[in-house]
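> These are the residues of each chain, in order.
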Amino acid sequence: MLKIDNLHARVEGKDILKGLSLEVKPGEVHAIMGPNGAGKSTLGNVLSGREGYEVTEGSVLFEGRNLFELEPEERAAAGVFLAFQYPVEIPGVNNTYFLRAAFNAQRRARGEAELDSMQFLKLVREKLKIMQLSPDLLNRAVNEGFSGGEKKRNEIFQMALLEPKLAILDETDSGLDIDALKQVAEGVKALRSPERSFIVVTHYQRLLDYIVPDFVHVLAGGRIVESGDRSLALKLEEHGYAWVAEHGEPAGASA
Amino acid sequence: MNQPARPPFVAALADAPLPASGIAWLDQARRENLDAFVAAGLPDTRVEAWKYTALRALAQRSFVAGDGQAAGRPVDRAALALPGVDGPTLVFVNGAFRADLSALDALPEGVSLLPLSRALTEDPETLRFALSRHYREPGDAFARINGAFAADGAVLRVADRARIATPLRLVFVGAAADHDLAWHVRNLVEVGEGAEITLVEQHLDAGGQAHLGTQLAELTLRADAVLHHVVLQQAGASSLVRRSHYRLDTRTRAHLHVLELGGALARHDLWAELVGDAAAFHTHGAFLPDGRQHVDTQLAIHHRARDTVSSSTWRGVASGRGRGVFRGAIVVNAGADGADASLNNKNLLLSPQAEIDTKPELEIYADEVKAAHGATVGQLDERALFYLRSRGIPGAQARTLLTSAFARAPFESLPHQALREHIDQLLLSRLPA
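Going down the list, the protein sequences come from chains A and B.
In this text, residue positions in the first sequence follow my numbering: the first is 1, and each later residue adds one.
In this text, residue positions in the second sequence follow my numbering: the first is 1001, and each later residue adds one.
Just so you know, these hints were derived from the structure itself, not from any lab.
Heads up, the beta-carbon is just placed ideally off N, CA and C, and yes, glycines get one too.
Among the hints, erroneous ones may be present.
[As the list claims (entries may be wrong)] Some, not all, of what chain B presents toward chain A, calculated at C-beta under 10 angstroms: (1) Ile1393; (2) Gly1395; (3) Leu1402; (4) Phe1406; (5) Ala1407; (6) Ala1409.
[Said to hold, decoys possible] Away from chain B, derived, C-beta distances all over 12 angstroms, residues of chain A: (7) Gly37; (8) Pro135; (9) Gly145; (10) Gly149; (11) Glu150; (12) Lys182; (13) Glu186; (14) Val225; (15) Glu237.
All chains, full assembly: derive it from the sequences and hints.
Right, dumping it as structure tokens:
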């Protein structure tokens, strides 16, 4: 599904990713862990097409297509979804209006029929139940005045609605209390399927207690330096990232 | 006439016949206004009020004064419809009242609404004070022109304690003619003690022609009156110069919502005098110059009594080579203790050639005053843009969505839902998709 090969990227003239390789197959959940400044958020931003990130080397294929030839909205329509670490507040844009615009834009781009407002509302109600979100959030402006937990749950709710093939969760657990964390994890679990893949980027392993990954990778210095199964996350938890620096030899692709 | 270099604009008006009223004091006032205009001409940018709006191009044009065939100009009635607003309506085409397009048969009790042309034949004395006014400021050129030539407009009087739910509507249409015309309307609105009305004022274009319209409006609110005033300016390629002068007595409330979409040159002087204690004046507006449009709003609010309140929320969006000007002056006079004034103007520039000049001004001569003002000019929020695109919304649509959200913010406080939705539609259809 996703094949990242020797990816180098820079931000504001500074090299952040320095030869990252990773392959994600359908249905797999990959966790990417690493210390601050390792390039974790850069990965999500590069994959979703944010401006200001310059790819200097390497390639990313998504279902065989060169991801870098696609605009952000085209990546979304192709099935790539980024759950933002810091969801953006957009005053004046009604949440429901935004969701329907996004949903129908993706369908239009794929040559599928758009949903009218009644059909869409029905779908929204179903998906809201999964995230246990209050329906009145729909009538507010996008993320405006949402609590930290509401913002993150709103991201997962959008994911449930848009049903991407590949979801990248960028530190979705940061700033969440344990109840909100569980709700987010429940939402992700409900969306797991043999066709849908996840890249879960996190600093702490506690989210992985709830979203059990198939693979765990350690990102340090812009590369994946260690890959393993879930036990790697536990080892990191126990020994800290310093342990990676001592024991981790730069490793290539995983899986 | 020994002035050698009279610009065409002034020359055309100087030689134009004044409307004949048969009323001695009115004929005299018109003559004096015309003489004053011809003597002073158009202001240049050294006059503070016209600093950012140059009239050089206008001065080189000459307009035919008034439309002798206004009564017969074809105007599509459907184009005048406003969803959710179908009450009493006065329609003016090229400055002249059109009974055939108006709806005055179902006036609510306590409302007198009639064209100025008729009011002048029926009861001119009640209009004498307003129509005999002299304009003495250097920036008053258009008020003088209007004072000289305006022969029609709306006269609206609302009786004490009449609370009218149905919106009353004034529509000013520019229609195609053989020449570019200069037409002028004069509106007088008086809301009686404890009365409440909603007034919708529309400026429409039906011929794509570059007329010049001037409007001079005086709106008086007696004690405890409430006025909701919605202005939709879609004057197309015409130029439109308006002055709206509000006078608020004790405990009155005025809520204005103003959308400026059209106009090659659109200038609106919006003045308010808060003369009664606890009067409140709230303005909300948006202006969206595009192409080569020039849209200038000059807001001046005078707090002249105790515990008066004013708030102003304005948004500007300039695209193409559009130019927006916003001046918001608040003066709290001596003795207006306890006044509360706030003014906020945020602006978006959507193209490198677009320009917006904003100038909030605050003068305070009283005690215990609360005042706040701020103005910004910026671009679309790139983070928000990326967020929308990352969800699949194409870039152009995402820009429109963000821009319309920005421009509609002042109208969220508009209580009339159908009008609010109409404004949403106008904004979405107006912005580049």
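> Indicate, hint by hint, whether the structure satisfies it.
Okay, the hints, checked on the actual structure:
Below 10 angstroms, beta-carbon pairs count as interface contacts, and Ile1393/B has one with chain A at about 5 angstroms; its hint therefore holds. The restraint placing Gly1395/B at the interface with chain A holds, with a minimum CB-CB distance near 7 angstroms, inside the 10 angstroms limit. Hint on Leu1402/B holds. Least Cβ distance to chain A is approximately 7 angstroms, under the 10 angstroms limit. Interface hint status for Phe1406/B: upheld, as the beta-carbon distance to the closest one in chain A is roughly 6 angstroms, under 10 angstroms.
Annotation: interface hint on Ala1407/B holds; nearest CB of chain A at approximately 9 angstroms, less than 10 angstroms. For the restraint placing Ala1409/B at the interface with chain A, the shortest Cβ-Cβ distance is roughly 5 angstroms, inside the 10 angstroms limit, so the hint holds. Distance to chain B confirms Gly37/A as a non-interface residue, since its nearest Cβ pair spans about 21 angstroms, more than 12 angstroms. For Pro135/A, the condition that its CB be more than 12 angstroms from all CB atoms of chain B holds, with the nearest at approximately 20 angstroms.
Distance check on Gly145/A: its Cβ is at least 14 angstroms (rounded) from any Cβ of chain B, clearing the 12 angstroms threshold; non-interface status holds. In this structure Gly149/A is separated from chain B by more than 12 angstroms, as the shortest Cβ-Cβ distance comes to about 18 angstroms. Every CB of chain B lies more than 12 angstroms from the CB of Glu150/A, the least distance being 16 angstroms, so the non-interface label holds. No Cβ of chain B approaches the Cβ of Lys182/A within 12 angstroms, the least distance being about 25 angstroms, so the stated non-interface status holds.
With a least CB separation of 22 angstroms from chain B, Glu186/A remains clear of the 12 angstroms interface cut-off, as annotated. The claim that Val225/A is not at the interface with chain B holds, since no C-beta of that chain comes within 12 angstroms of its own (minimum 28 angstroms). Remark: the non-interface label on Glu237/A is consistent with the geometry, its nearest Cβ contact in chain B lying 31 angstroms away (cut-off 12 angstroms).
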